[in-house]
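Student: Residue-level listing of the chains:
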Amino acid sequence: MEAVLKDKQKKKKSKSYSLEKLEQRAGLLFATPALIGFLLFVLIPMICVFLLSLFKVDLMSNTFEFKQFTYYEKMLHDSDFWKSVRNTLVYMVIYVPLTLVLGLGMALILNSKMRARGVVRTFFIIPYITTYVATLVVWNVFLHPTEGPVNTLLMSLGVNNPPQYMVDVDWALPMLAIIGSWKDVGYHCILFLAALQGVSKDYYEASSIDGANRFQRFKHITFPLISPTSFFLLLITMIGGLQAFYQMALLTKGGPAFSTTTMTYHIYRSAFEYYNFSYASAVGMFLFLLTLVFIMINWFAQKKWVFYQ
Amino acid sequence: MIKKSVLVLAASAMVFSLAACGDNGNKDGSAGSSTPAASGSEAVASKDSGSDKEVTLKFLNISEYMDSTEFKAFLERFQVKYPNIKVDPISVPHEQYINKRNIMLASGEQVDLIWGNGVEQFDAINKGFLMPLDDIAKEVDVDMSKDFGDFKPDKDGKYYRFPIQQNNWMLYYNKKVFDDAKVPYPDPKVPMTWDEMAVVAQKLTNLNGKDKVYGMFYNNWGMYFYGYGSQLNNGKFYTDDGNVNINAPEFKRSLEWMNDVMNVKKAAMPIGEFIQNNTDFLSYWNGNYGMVVGAQWYAQLAATQKDKFPRDWKAGIAPMPVPTEMAGKHMNWSSIDSLAIPKNSKNAKEALILAKEYIADYTLSTGALPMYTKVSKDKYFEDLANALKDDEINLEQVTYLFGGDPNVINVEEKPVLGAPQEYESTFLDIISQYYTGSKTVDEVLSVVKEKVDLAIKEQQNN
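If you read the protein sequences in the order shown, they are chains A and B. Under this note's numbering, the letters of the first sequence match residues 846 to 1154, in that order. Under this note's numbering, the letters of the second sequence match residues 1388 to 1849, in that order.
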């Protein structure tokens, strides 16, 4: 009898073991397409870029000459590279907080009881779903130095020399950051709104009974409860800021006087305009490391402010 | 087992991708050894054996020249003449041309024939993209040293460019704008000085009407800013030791002249407006400008194409303005558009056959005079004068301005020797600061010099 029981147990164990194995296999099978995609389009290209940054290459005749870290050395001594780093950081300093604050503010408005909420929500999301080229054409007209509505208004108010925006070294980059923020804020708004709607009303009712005012409710209830969403949006906004490219490529071509050349535009120009792929790869690796540093800082910092229920 | 499968999968993916990374289109196994067609003779030798087989040539050119009925008609004629040579045209707008060319060549895509202006082709020569043409040219019965007039080798005594046409610059003007402003037309033979042109441009300008009329149109291209200086110092864009000479007094004077026209006399569109409007070079033909300095391509692409550029005004032509020191002399900014063969082309001979037909047949059919001396100049002048007769432009004027004046003084249109692409794009990126008033002319020129000197040095080190 005991032997039969042991045998049954053994069979059961091996059955559950094989089931576990089967599940593992199925899991791996499901993950395989994503894994292959990651390998082909992320990891391997990244390795290729790193290798490219170490070689002087003639891609037409496939000749490679090992140059060690020459291109990194060149990059570190290149004033244009440092300007592009500075421009990227300035862009981020404007773009990230502006997008997050406006996105959250708009979500708070939409989350309150207001008329025509659906229509307003649609208006907020329109910039995000419109193609970049179309929005940039509109902004270009909007900011036209002599005939654009912004400067026409300024001139009618008595401003004699309104800014020339896209050809002014002081104005071009902030304007591009504002345009980028305007484009993306709708997406942030929708995600913030989803998070706000997930906060239980019970917390607000309880806090009202305790006498908490609006600001206290926001600080102690809303913000902690939407902090996972805020953290996610902070990360993708920072990564988006570090990779800013479209506005520069379509509106200013990195100018005037390099003032809107971000790191990604510097990479693009070095590789495709000047055919210096090795140098561009070195800058690409630097951008990757910089992004990684930002992510790590945020990852460690989130332990202090992100609240997971 | 599962781990093993994943490993095999990952390894296969990696091998597959790395193989893809290294593919330069060279499938014969010679990749990585040396240049596939290091010299022209090698390329020709490889062609001799297979000259009867059918080949398809990839031809990269700008859409301004390729997307035309004339080009389609030319291809049909070419196909009849050479049934074994098929042509795959790749048409790109000029502003995207350099990027497209670089991406195609870097990705290993085999292109057999590429178009380029002076800057673009010298950029390609300096970067080692092109194969020398001396030997292949002989195979197609072309003598590079004789058949293109006074055309000199490009680098190290070798020809890399197959010249199409030399730009012939002149002054185009809108007779209606002159009539409205009651200003006499420019002399058809004696050039204005730049200073005289600035004064005339101011008289023609009317910014108060329904449509703004600027006395002068310009393009955001280098020669419109430094070209006057090039006339003064005989196109000395580089110092004797090969560095940038853009800070020379002649170029400074040239930039200041443009500032005077644009910002003091207000006779040309401010640069901020020009850039933000994405102003196209053919915009001159909308009728709201008095004068423009332009080359034969204005006649070729717009003046004679009234179906594409309809106008109710007549155009006139006169010699290009000159500095006061050169008063009375007929001057021209010399730049040569050309075709070239990338060094990895496997169909070099056929590509040169196409190039030869392009210049002898197509170029002429579009209203431009090829440098190829075996075509009849007289017929070209007659045809062009005929196409411009509605503008009351006669054969004598056409012959004088479109390449028939043996006494014309040619100076370099653009810097083409050291880092030409970097020179031009850096110059254009920086100088807008001067015209918007945020930097002085000395400051912008010294920044350009500093940056381009570095680019030249780097190119020399490579």
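Please keep in mind that the hints were generated in silico from the structure rather than gathered at the bench. Certain hints may be false.
Cut-off 20 Å, straight-line C-alpha distance, at most; resulting in silico cross-link-like pairs (EDC-like, lysine to aspartate or glutamate) [stated by the list, open to error]: (1) B:K1733 <-> B:E1457; (2) A:K866 <-> B:E1526; (3) A:K928 <-> B:D1840; (4) A:K1098 <-> B:E1526; (5) A:K919 <-> B:E1526.
According to the in silico footprint, chain B covers these stretches of chain A (three or more CB under 8 Å from chain B) [to be verified]: (6) 980-989; (7) 1007-1014.
Pairwise CB distance ranges, derived in the manner of DEER restraints [claimed, not checked]: (8) A:G882 <-> B:N1664: 40 to 48 Å; (9) A:C893 <-> B:T1711: 51 to 59 Å; (10) B:G1515 <-> A:L934: 31 to 39 Å; (11) B:S1532 <-> A:L934: 53 to 61 Å.
The C-beta atom is built at its ideal place from N, Cα and C for all residues, glycine as well.
Student: Work down the list of hints and note, for each, if the structure agrees.
Tutor: Here is what the structure says about each hint:
The hinted pair formed by B:K1733 and B:E1457 fails the criterion: a straight-line CA distance of about 28 Å is larger than 20 Å. Among the hinted pairs, A:K866 with B:E1526 is inconsistent with the structure: their alpha-carbon atoms are about 70 Å apart, more than 20 Å. Proposed proximity of A:K928 and B:D1840 is supported: the alpha carbons are some 18 Å apart, at most 20 Å. Annotation: proposed proximity of A:K1098 to B:E1526 is violated, straight-line Cα distance about 44 Å (limit 20 Å).
Straight-line distance between C-alpha atoms of A:K919 and B:E1526 comes to about 44 Å, which puts the hinted pair past the 20 Å bound. Coverage of the segment 980-989 of chain A by chain B holds. Counting CB-CB distances below 8 Å, 3 residues qualify, and the rule asks for three or more. Note: the segment 1007-1014 of chain A has 6 residues with beta-carbon separation from chain B under 8 Å; the three-residue rule is met and the coverage holds. A:G882 and B:N1664 have their C-beta atoms about 43 Å apart, which keeps the hinted 40 to 48 Å range intact.
Under the hint 51 to 59 Å, the C-beta atoms of A:C893 and B:T1711, about 58 Å apart, fit the expected range. Distance hint check for B:G1515 and A:L934: the Cβ-Cβ separation is about 36 Å, which falls inside the suggested range of 31 to 39 Å. Our hint of 53 to 61 Å for B:S1532 and A:L934 holds, since their Cβ atoms are close to 55 Å apart.
Checked against the numbered hints listed earlier, the structure breaks hints 1, 2, 4, 5; every other hint is satisfied.
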